[in-house]
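A.B. asks: Here is what each chain is made of, one letter per residue.
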Amino acid sequence: MAPFSGSGANPLRDPADRRLPRIAGPSGLVIFGVTGDLSRKKLMPAVYDLANRGLLPPGFSLVGFARREWEHEDFAAEVHDAVKAHARTPFREEVWQQLIQGMRFVQGTFDDDEAFERLRGTIEELDKAQGTGGNFAFYLSVPPRSFPVVIQQLKKHGLADQKNGAWRRAVIEKPFGHDLKSAEELNAIVHEVFAPDQVFRIDHYLGKETVQNILALRFANTMFEPIWNRSFVDHVQITMAEDIGIGGRAGYYDGIGAARDVIQNHLLQLLALTAMEEPASFDADALAAEKTKVLGAVRLPENLGEHTVRGQYAAGWQGGEKAVGYLEEDGIDAKSKTDTYAAVKLEIDNRRWAGVPFYLRTGKRLGRRVTEIAVVFQRAPHSPFDTTATEELGSNAIVIRVQPDEGVTVRFGSKVPGTSMEIRDVSMDFAYGESFTESSPEAYERLILDVLLGDSNLFPRTEEVELSWKILDPIEEYWDTHGKPAQYPAGTWGPVEADEMLAREGRSWRRP
Amino acid sequence: MKTDLTDTTASKINKALVQGRRAIGTPAVGMVLTLVIVTDEENAYDSLKAANDASREHPSRTLVVVKRVSRSPRDRTQSRLDAEVRLGADAGSGETVVLRLYGEVVDHAQSVVLPLLLPDAPVVVWWPVNAPLDPAKDPLGALGQRRVTDTYAAEQPVRELTARAETYTPGDTDLSWTRITPWRSMLAAALDQVSCRVESVEVEGEEFNPSCELLAMWLADRLDVPVKRSLSGGPGLTAVRMSTDCGPVVLDRADGSLATLSIEGQPDRAVALKRRDTAELIAEELRRLDPDDTYASALRYGVDRLNATSDAAEAFSVDGVGDGDRDRDRDRDGEAAGDAAAEPEAPEAVAKGADGDGEREAVETPVEEAAKAPAREAAASEPVTKGAAK
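Heads up: the protein sequence lines correspond to chains A and B, in order. Using the numbering used here, you'd call the opening residue of the first sequence number 1 and step up by one each time. Using the numbering used here, you'd call the opening residue of the second sequence number 1 and step up by one each time.
Hints in this document: simulated from the structure, not taken from any laboratory. All of these numbers come straight from a predicted model, not from anything done at the bench. For every residue, glycine included, the Cβ atom is placed at its ideal position computed from N, Cα and C. Any given hint might turn out to be false.
[To be verified] Here chain A is said to cover these stretches of chain B; the calculated rule only asks that three of the stretch's residues, wherever they fall, bring their Cβ under 8 angstroms from a Cβ of chain A:
id : stretch
1  : 128-136
2  : 251-261
3  : 264-271
4  : 288-297
Between the sequences and the hints, there should be enough to build the whole structure, so can you do that?
C.D. replies: Encoded structure:
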């Protein structure tokens, strides 16, 4: 078979023809740990949705690898159920018929050499039967401890070798280690087998439309960029709150905690996108360069005790339901010091942001599920109105609502109708659901497609991951040796210590 | 929420829109465009339904302009405007105003529509049927950045394509073109997989389906090779066969939903290519509001330049509809390409030869005869009379 000739050589491809979608070239996806929750709820439906939107190449193949004793048909049935239950787009038989031809299942454990030989046989068979051209992405939806063994097995059985212009890519999920040292070890293991540009680290937040919109908002418009700096911005709050507890993830969560689970990846990526300088172009290298620069400029507060807070949820009432405390959850040591809430203050040492604090917070069992970035502006330097008129006026703010109810809110003061001069906060709202499609593509759809296209814009790179750990490690070390997490009742917005942390600087947390 | 206004004016309608929004408690306007649908009573329901479905992706203010027929001279001198204002759940995700025009005002519909356009938002005008000959010069069409017509709904679709090419203005677009996006994208993907030079192409589909001609013209325009249009029983497009210097590349869809892609030296693959409903087409159309240069270029290629020589047509049809020996097919196509270059006057000959044939006949006649139908239609020189005749 002739190799992929590239879009430049294809006379039917024309950059001016914007109706034609980007379709991935001939390829297949191998999912390790295909029986897991992520695979059923996100990956399989995303593959179907992509196929339904006509974005997958003809002959696209999906290979499942797991321990379960399944035939190809059982696997197909499982995918079918997952797609019916979780896909975003309606189920269409002909799309399913297209997909099912390329579905294979390989049974085995990760240390089973025979299984990996079978996997290689399957891939070779698919190249012949489906024309996948040797292009395969390996999605490692497996526990972190299995990473090294799977990667080694791929190497041992020649599955990671790129021959005759074909590509082999590895897709890995967080956690990317649990501190700088382990992250470096993990990177070493992965890079020994896959070249850095063939490794895709999934941070599903970056696949979200609203997160990509941060770049559009900042760099496609003129009205925001001039005020996006220390002369106008008072501080920035980045929040990711969950209303659920740890559920059945006790084994994973205990010892990791909120800061490692969320701040290290999601929140620091959001910070990087919010604070970075304008990239020279929108390609992966230019973006990564700017993100790396801004992450490298992050400075920790000197007094970590005063400017960081961690907490654990205690028993309480959450949205009308009684919730148990973290220490009472099944499988959690009653003496656990793991944080389920973390708030930190960071500063960015560059000309744009010097002196502007970035407050990051995340937690479980908070008031409601919400992720947002709030850029809070300074108060007007002089007000011609007397103080009673502006008593209810807060600071202006631009809030990027990442989820749910994706959109952007601008808050400013406006006169209350009436004979007296009274100014109050009002908000102006842009909601994605209102102005654009009812259902934006799922983050995983976008990310899987980008993996197949080899487009690494939306994937954090090794340096970004290591820089993030450099930011978080001193905080974790401080927490390990000082005190213990503050308790906060489930269903509230975190421990009082967090409120005090901001109050000391004359600020307060937004109620998201 | 629904408000009926009888014998009304645009400013009263605007007032009703504002009041309606207040009443249902959503004073914010998040709509991104105004969609004007110009239709007759017969097609109003279907078009509005499609537009409402599409508005879930593109929240819009939809103005349906229904031009009523006046049956007596007295009716024609009076004029009246009735409106039906729909908001909230009754109007997809946006606002809908159905405007019914009687009498003289029928000829001045733009005066009703202009005050009702959303400020600062793009305007799209869509004629589901009876599109004017020159959409950009039409008083309603002139209000829009984008003018959507549908040659599929025309009496003589292929002739209408020629007319559209003559009056093309940036911003014009045709739902028959929108219909073939999945085909185009699949064909482009197919050529991504091989590094071969295409030598000739055959596009097969039902008669009176301008999508086939548009696809053929696009292929001819992009590939610069002879393209033949042949007929089948449908539904819609049924196959595209490209002969390349490394064997045929065939995309075959017999049943209107699941297609087979066969490439020489590669296994056959099933691909989903479902015929889409109008709502999906409109939603795609509203996604991009800039002029579609690819469409313009394909349209201007000209229907009459398809089926370059009669020899070429025969060469294709002898080998039948694709089941034959592929290698032989390829050789024939190679010849055909040569012939096409040698006889530039051929299209005229084809057109003349087919003159006077009954159009209906073509369906049953063998492929050689039927294949000439599009060229014949295109070559007919009488003016297109459909226009706003209804």
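A.B. asks: State for each hint whether it applies.
C.D. replies: Against the structure, the hints come out as follows:
1. 128-136: violated (count 0)
2. 251-261: holds (count 3)
3. 264-271: holds (count 6)
4. 288-297: n = 5 at 8 angstroms, threshold three: holds.
The structure does not agree with numbered hint 1 stated previously, though it agrees with all others.
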